[in-house]
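Participant: Protein chains in written order, with this note's numbering: chain A, 1 to 226; chain B, 1001 to 1226.
Be aware that one or more of the hints could be misleading.
To give an idea of the interface, some chain B residues facing chain A are shown, with a C-beta separation under 7 Å as derived from the structure [stated by the list, open to error]:
id	residue
1	Pro-1019
2	Asp-1069
3	Leu-1131
4	Ser-1135
5	Asn-1151
6	Gly-1181
7	Cys-1189
8	Ile-1215
Simulated from the structure, these hints should not be mistaken for lab results. Cβ atoms here follow ideal geometry from the backbone N, Cα and C, with glycine treated the same way.
Number of protein chains: 2
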Amino acid sequence: MHPEGRDNDMGVTPGLDMPLDEAMRTQRAIRRLKTDPVDDALLRELLELALKAPTGSNAQNWEFIVVRDPAVKAKLARFNRRAFSLYGRIGRRANQNDPKMLRLLDAVQWQADHFEEVPVLVIPCLKGARLPFPSVAVTSYYGSIFPSIQNFLLGARAVGLGAALITLPLWNVIAARRALGLPWSVTPCAVIPVGWPQGRYGPTTRRPIEDVVSIDRYGNRAWREA
Amino acid sequence: MHPEGRDNDMGVTPGLDMPLDEAMRTQRAIRRLKTDPVDDALLRELLELALKAPTGSNAQNWEFIVVRDPAVKAKLARFNRRAFSLYGRIGRRANQNDPKMLRLLDAVQWQADHFEEVPVLVIPCLKGARLPFPSVAVTSYYGSIFPSIQNFLLGARAVGLGAALITLPLWNVIAARRALGLPWSVTPCAVIPVGWPQGRYGPTTRRPIEDVVSIDRYGNRAWREA
């Protein structure tokens, strides 16, 4: 049992009762993970919280694949490396003067290099046809999975597990579908590598609220003066 | 000042320190809202938590429109009613034997009838082109806004504000863009009507985890036996 893990079977799992605002203020993508195993019961609790998120028309049309099988992991690792070899090159060139983005790319590179060693991958999927238009149908579709993904990530942060939302392993969605045995009616939406973090969680910096909020109409930055 | 609202300027806003798992377990869409005003400072705190959510490549390419202007609200109310008059009819016919869905449709109907009286609407948007393909590019795009929407909704639940994620007012995205003064480069993703609830938050029911989780490959419901 990991020291930060579940340590009793009664009541709330230690950590999950973290104050909401603290969990949000200290959430960040954790990519460098230890190889220590992740307890099934703990993972289950995070998935149960994920299932508490809202879905369009309360359809709950989600599916979650929990991958520990080395053979399936190896396939996704290969897809991820292939996509990152292109994305990483472009990214480094485009951000060569941005040390923060270069650090992020270093972490993504580390993740690509160690993908097979990640203890567990969680792959949230949606069932049912995604209409290609109108754009709001597309929005509503993804609005039924990302709230649950955010619940999962916040839960992981609260219990001290490292996690990050990535999509690179899904660039070739046909290959990803085959690796996971997904029928055409189920669309993989993201991959969440999960493990105990090498680094730590902590406060993040963001663009100031005054720069991204408009009042009544776009561009009216009244909060800037308030 | 509303009794459930912010009552000091030091430390954490009352409610926002709700245990994470409690906030998630009792989150639900609240559509029947009082007309009491919503404090600007409280709204700002929820938006600050929304901005703590992750975005793809940490782009933070979001924009939030906070609408209190009755003229803008009236336009969105009209769009919402128009879309619901069709959606609601289809929905009632399709779910005539499902009392739970009919109750949900009643709430959506109430919301449509009282849309102009909602104290404040929050409209999360994304900046930048949405590539129509590959599908994972679309996924990644929406993956940069719905985590922040979920933060906002969880924060609202924690402080006792009612809120719900809807998209019907955006079905005609050209009209919605015009009403909000959005340039082509900014896409509205959802509308969140916010106000003090007439009803109350409480535990929700969901499909059992064993029915939606697969181990290693789709369809392997090993957790069902565990």
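Participant: Go through the hint on Ser-1135 (chain B) and say holds or violated, using the shortest Cβ distance to chain A against 7 Å.
Facilitator: Because about 6 Å separates Ser-1135 (chain B) from the closest Cβ in chain A, which is inside the 7 Å limit, the hint holds.
Participant: Are Asp-1069 (chain B) and chain A close enough, Cβ to Cβ, to be under 7 Å, as the hint says?
Facilitator: With a closest approach of 4 Å, the Asp-1069 (chain B) hint holds.
Participant: For the hint on Ile-1215 (chain B), does the least C-beta distance to chain A fall short of 7 Å?
Facilitator: Cβ of Ile-1215 (chain B) sits 5 Å from chain A, so the hint holds.
Participant: Could you check if Pro-1019 (chain B) really has its C-beta closer than 7 Å to a C-beta on chain A?
Facilitator: 4 Å, holds
Participant: Hint Gly-1181 (chain B) vs chain A: min CB-CB distance below 7 Å?
Facilitator: Hint on Gly-1181 (chain B): holds, closest Cβ of chain A at ~4 Å, below 7 Å.
Participant: Return the status of the interface hint for Cys-1189 (chain B): holds when the least beta-carbon distance to chain A is below 7 Å, violated otherwise.
Facilitator: Check passed: Cβ of Cys-1189 (chain B) comes within 5 Å of chain A, closer than 7 Å.
Participant: Restraint: Asn-1151 (chain B) near chain A, CB-CB cut 7 Å. Satisfied or not?
Facilitator: OK, holds: Asn-1151 (chain B) within 7 Å of chain A, min 6 Å.
Participant: Go through the hint on Leu-1131 (chain B) and say holds or violated, using the shortest Cβ distance to chain A against 7 Å.
Facilitator: Nearest chain A Cβ about 12 Å off; hint violated.
In terms of the numbered hints stated before, the structure departs from hint 3 and from no other.
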